[in-house]
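One-letter residues, chain by chain:
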Amino acid sequence: MTAVHQLLVGASPGDAVTEFALAIRKGLRAAHGRSEMYAFHRDPVLHTDVLPADHESIGDHSVDDILIYHSSIGQPETVQVLDAWRGRIVMYFHNIVPFEYFYPYDPYWASLLALGRMEVTVLRDRAVLTVANSEYSADDLRAVGYDDIHIIPPVSSLYRLRDAVPTPSTLVHLEEHMTYPMILYVGQLLPQKRVDMLIDALHISRTYLGLRPTLMLAGPGRLGRFESLLKNKVRELALPGVHFTGHKNAEDLAALFRHATFLVTASDWESYCVPLVEAMSLGVPIIARATTVVPETLGGAGLQLPADSGAALMAEAFARVANDDELRLSLAESSTARFAELEKLDPVGDFIAAIGSVQ
Amino acid sequence: MKLAFVVQRYGLEVAGGAERHCREFAERLVERGHEVTVLTNCARSYVDWSDDYEPGDSVVNGVTVRRLRVVRPRDAVVFDDLNARVAWGRPPVASFIQREWMRQQGPEMDGYEGALLDLARSHDVVIFFTYLYSTTFTGLLLLAGRVPTVLHPTLHDEAPAYASIYRQMFRMPTLFALSTPEEVELVERIYGVRPRHRVIGVGVDLAIEGQPDRFRKQYALTTEPYLLYVGRLDPGKGSDELFDFFAAYKIRRPGPLKLVVLGDPIKALPAHPDVIVTGFVDDEVRNDALLGAQAFVQPSYFESFSMVVSEALSAGLPVLVQAHCEVLAGHVARSGAGFAYRGYAEFETAVDILLAHPELVAEFGRRGRAYVEREYAWETVMDRYESALSEAFDLGAEINVESAVR
Amino acid sequence: MTEASEGGDGRIVTELKRLLAEHQASGLYPSGMEGELVAHVNRLALGPSRDLTDSIGRFESSVRDVATVDFSLERIAPGSTIPGGAAMHRAVGRLVARYIEGVMIQLIEQRQLLVAALEPVSDVLRNVVEQVGSQRQSDFESLTAELTSRIDDLTLSVDQLRRATPGMPVELGPDGEKFVERFRGKARDIREHYRSVAVQLVSDGPVLDIGFGRGEFLDLLASMGVDAFGVEPDEQLVERARARGLHVECGGGLEWLHACEDDSLGAVTLFQVIEHLPAGDSVELIRTAARKIRHGGKLMIETVNPLSLYAFAHAFYTDPTHTRLVHPEFLEFMVEASGFAQSHIEWRSPPPPKDVLEAVPGRDAVAKAINENVSRINRLLFAPQDYLLVAVR
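Chains as they are written, first to last, in this note's numbering: chain A, 1 to 359; chain B, 1 to 406; chain C, 1 to 393.
Just chain A, same shape as in the assembly:
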């Protein structure tokens, strides 16, 4: 029986790509297949579970064996490892952030992103199967000559937050100390996510539109210079009500979602936006700029602002949604309805089935 292994650049718990890869491995092993995960960067928690991505540990394999490469960023060693792999390759494209967003803050990170795009082009002829995380990402692949692309979102657990018990003390804290509306952003604080625009919109809605809002920015910084830029921006706008929570576990996140008036994203670029799915799983209203994959993920849900809208229109949306109970209710319903559609999907099953078709 052929083995199906997976190669990731980085593996860390909670990361959408890692969680999805773990779910696939579980599915394959359940069918008594041999399946390992390899990664160049492994979180210590996964050190025994995920193997290092080098020749020694990958070791012997047959030409029939399959290596699924999860492409999300470049890594100088990737091409070497894939060159040495004599078996077949499946490309799972999670898409790669345009490097321009990172260049001003971290040139090295930016260069890895650029490298990642090159890898995708180089690997085109070796992929026996191509999967993209969204229609939007599939378009990117087609642009560099891929065809016959499967679309499978990297969703391993739709119920992570719905099943989590909100931390009671966090809920109490939010209820007692956060002014209305409590606007929630979930995600890493990265330039392409345009967290700066959220802060600007908060400033406009507070200063001119009579709101006294709270903005919870729930997510790790990852890029120190951008994070301090955001903090300086808040300070220089003398803007009260902005909270940087840092990374939060599922229980705290569940509390934040349950208390939030709405979830917001101003992101310029998403290839698959997990927090949107999480908000929908809990029936939380959403305001989002309809950029890149966002309309595809939301379907008919949420208040979708045009992709070219700026902070001022977003501020108007904040005020409108905060002040209009009926609208908020209908947005919540649209979230729930869209989630019901997503529940019908079985991404892990689909993925394993697709692998089976080439095995």
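I should point out that these hints are in silico values taken from the structure, not numbers from a laboratory.
There may be inaccurate statements among the hints.
To be verified - From the structure, some residues in chain B lie toward chain A, with a derived Cβ separation under 10 Å: (1) Val-77; (2) Val-78; (3) Asp-81; (4) Arg-85; (5) Gly-89; (6) Arg-90; (7) Pro-91; (8) Ala-94; (9) Ile-97.
What the hints assert, rightly or not - Calculated cross-link-like contacts (lysine to any residue; reagent style SDA-like; alpha-carbon spacing at most 25 Å): (10) A:Lys-231 - C:Glu-34; (11) C:Lys-17 - B:Val-71; (12) A:Lys-248 - A:Asp-15; (13) C:Lys-17 - A:Asp-325; (14) C:Lys-17 - A:Leu-329; (15) A:Lys-344 - A:Asp-324; (16) C:Lys-17 - A:Trp-269; (17) A:Lys-231 - C:Gly-32; (18) C:Lys-17 - A:Lys-231; (19) C:Lys-17 - B:Val-77; (20) A:Lys-231 - C:Lys-368; (21) A:Lys-231 - B:Ala-87; (22) C:Lys-17 - A:Arg-212; (23) C:Lys-17 - A:Asn-249; (24) A:Lys-231 - B:Val-71; (25) C:Lys-368 - C:Pro-384; (26) A:Lys-231 - C:Tyr-29; (27) C:Lys-17 - B:Val-78; (28) A:Lys-231 - B:Arg-99; (29) A:Lys-231 - B:Ile-165.
What the hints assert, rightly or not - Which residues of chain A face chain C? A partial, calculated answer using Cβ under 7 Å: (30) Asp-140; (31) Tyr-208; (32) Gly-210; (33) Gly-310; (34) Ala-312.
For each residue, glycine too, the CB sits at the ideal point set by N, CA and C.
Use these hints to put chains B and C onto chain A, whose structure you have.
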């Protein structure tokens, strides 16, 4: 000389120290043969800058007044939030936010910049009153280097003064006209600059006449001694503190002493049998009240000159002033005509002494009179002021007005 | 991407756009509001470029300062407002001219070397900044961060050098304590040294001790129950003395003297301080002290004895912060001219006997002649290292 004044409000009905200060100077310069134009707006209240006067030119006591419409009334919701964030916030605040705070503070006037340039073209010196408002901020930035400018900042030690946006503005005027020696120090302390300046002060009417009995009769007073306070009833002016001190004094020293309060209530005082609040009164009633008072009290923490104190001194009253305010303490130190108190204990002692020693009250009265005659007789003040304006004009002589004002 | 399919309700987006346009038109929003906010992010993203220019500016001004520190004999003003003071100055000057000149030459050489070494650095920095200016912003930033820290280091060392020039306070760092112990002696020895002085002040409280150093004299006064108060410019020393419960403040002696009421002090003491001060300051200090000390109170000044060559070799040059020596006669003249009723000099710290030339034994004429010369040489070379001036108001 042809002189132009720029001020945020102007008119006989306009209350406010700086505005009255500006009008007195303008009118007296006309009396001295100068040609004076005032550029202002139609507002009477700074709370919303709503149009009360007709726009266009008019003549008020010999002074040509040019009024522009206010573009937008002040939006209290917007301004209060920005004010709390910018004026009271922790620096650094981005300068575009500070400029927006300035714009929302107003008054924003229709055609202001054009009217100002017109004025500059046809006048020798342009004089701005009060540092705080956007009239002065935009005006000075527009005219600096084009014509000689004089700024009367009427600065006091208050939170908005520390906004960094003013650091640039305080380096713009050709000459500063300051009210007191303390103001010179304050400018240096806040803005780190010791600009070219003259200490001018404000003149005071030396012949205060009235009928104290008329006032007593009107407010049902017989022979009781009373302390007098003239000014807005506003916690920022110290009126709450004065009320508390007075109420405490009455508990510790029962007796006939009253407190008479002349002024509009921004925040009303609680009722007290020995406190008489008259509301706003005209000059006649005020003079009647001044001449009958035992002593004058000025509890304000924020004063840049305090014309009411100089008037009280002129009326021969001893003054009890807030020692936390350097300007007021300076008046008392230079005149020797009263006490600067810090806290209740000193207030109580000062009142005790004044009530027990009529000979001291008389001596304080003499010293106060002598001080204002020496320093603040209108003739003296206006001589100083004229010479300051000529200095500004001479300093600005190198500026080629024709080429600078296009 | 074109206008996205407005899921939810396109009508709401249209309405929001209309509201936005209204708010812009009414003047509620400042013109160009969104542009300002975006420009703000860009400015924040540019980061420390301003700081770099600042740092270079500070560095250059430090270099300029070093270059303009003017060491010359002419700068030691011979003028004096006291009758006869100038003549006294010149006399003292002649006496120590050779030594001072020697120091001066070395200092000037040192300064020239330093400036020569530093000036090209700022040229290089300016050049780097200009070149980098044409590169991509990101490269520029990592470079600037590094440069900024390097320039700060350099500025720091320039500052240290500047402070090490005579008359400037010197940071001795963690070794300061050891330095003082080695060259001024252990605290216990110093206390013994000053005990006889402290005894003279038992009825002269309050005493102001200017430049109390490690506070040994204040300790002594405290043990004798004398009300005393110390000022010292070195914060660390002040902290330590305060921790021992001494009544001390951080600052310059002159400021604190000025802050005292006239006729309020029983005594003012300056031990090993005046040789650190510029001439003008010590004159003003003595005059001010005369006003602040009450009738019958004392001024005590202990300093290095310029009449002792031994002191030169040992005491004076071991401390780089020493500025100038003060001749005892000049000091006596000064205090009397400033209004003190009487004054006298006590000679202190004779060189250890082992260092002094010994008399030859014998009573004959030769021995007598030799011994007379020995004692003359001893007087010249091995005069006591310090002297204490006691002036009574």
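CA of Lys-17 (chain C) to CA of Val-78 (chain B), is that 25 Å or under? 21 Å, holds
Going straight from one Cα to the other, do Lys-344 (chain A) and Asp-324 (chain A) come out at no more than 25 Å? 31 Å, violated
Holds or violated: are the alpha carbons of Lys-17 (chain C) and Val-71 (chain B) at most 25 Å from each other? At roughly 24 Å apart (the allowed maximum being 25 Å), Val-71 (chain B) and Lys-17 (chain C) satisfy the hint.
Taking 7 Å as the limit, does the beta-carbon of Tyr-208 (chain A) come near enough to a beta-carbon in chain C? Cβ of Tyr-208 (chain A) sits 5 Å from chain C, so the hint holds.
Do the numbers back the hint for Val-77 (chain B), that is, is its least Cβ distance to chain A under 10 Å? 6 Å, holds
25 Å Cα cutoff - pair Lys-231 (chain A), Tyr-29 (chain C): Holds, at roughly 24 Å.
May I ask you to test the interface hint for Ala-94 (chain B) with respect to chain A, counting a Cβ-Cβ separation under 10 Å as satisfied? Ala-94 (chain B) check passes; min Cβ-Cβ to chain A is 4 Å, inside 10 Å.
Quick one, are Lys-231 (chain A) and Val-71 (chain B) close enough, alpha carbons at most 25 Å? 35 Å, violated
Does the nearest C-beta of chain C fall within a distance shorter than 7 Å of the C-beta of Gly-210 (chain A)? 11 Å, violated
So if I understand the rule, the pair passes when the alpha-carbon distance is 25 Å or less; does Lys-17 (chain C) with Lys-231 (chain A) pass? 29 Å, violated
Is the hinted pair Lys-231 (chain A) and Lys-368 (chain C) satisfied, with a Cα-Cα distance of at most 25 Å? 87 Å, violated
Would you check whether Gly-310 (chain A) satisfies its interface hint, that is, whether its CB is within less than 7 Å of any CB in chain C? Holds: closest Cβ of chain C sits about 5 Å from Gly-310 (chain A), inside 7 Å.
Taken one by one, the earlier hints fail for this structure at numbers 15, 18, 20, 23, 24, 30, 32, listed in ascending order.
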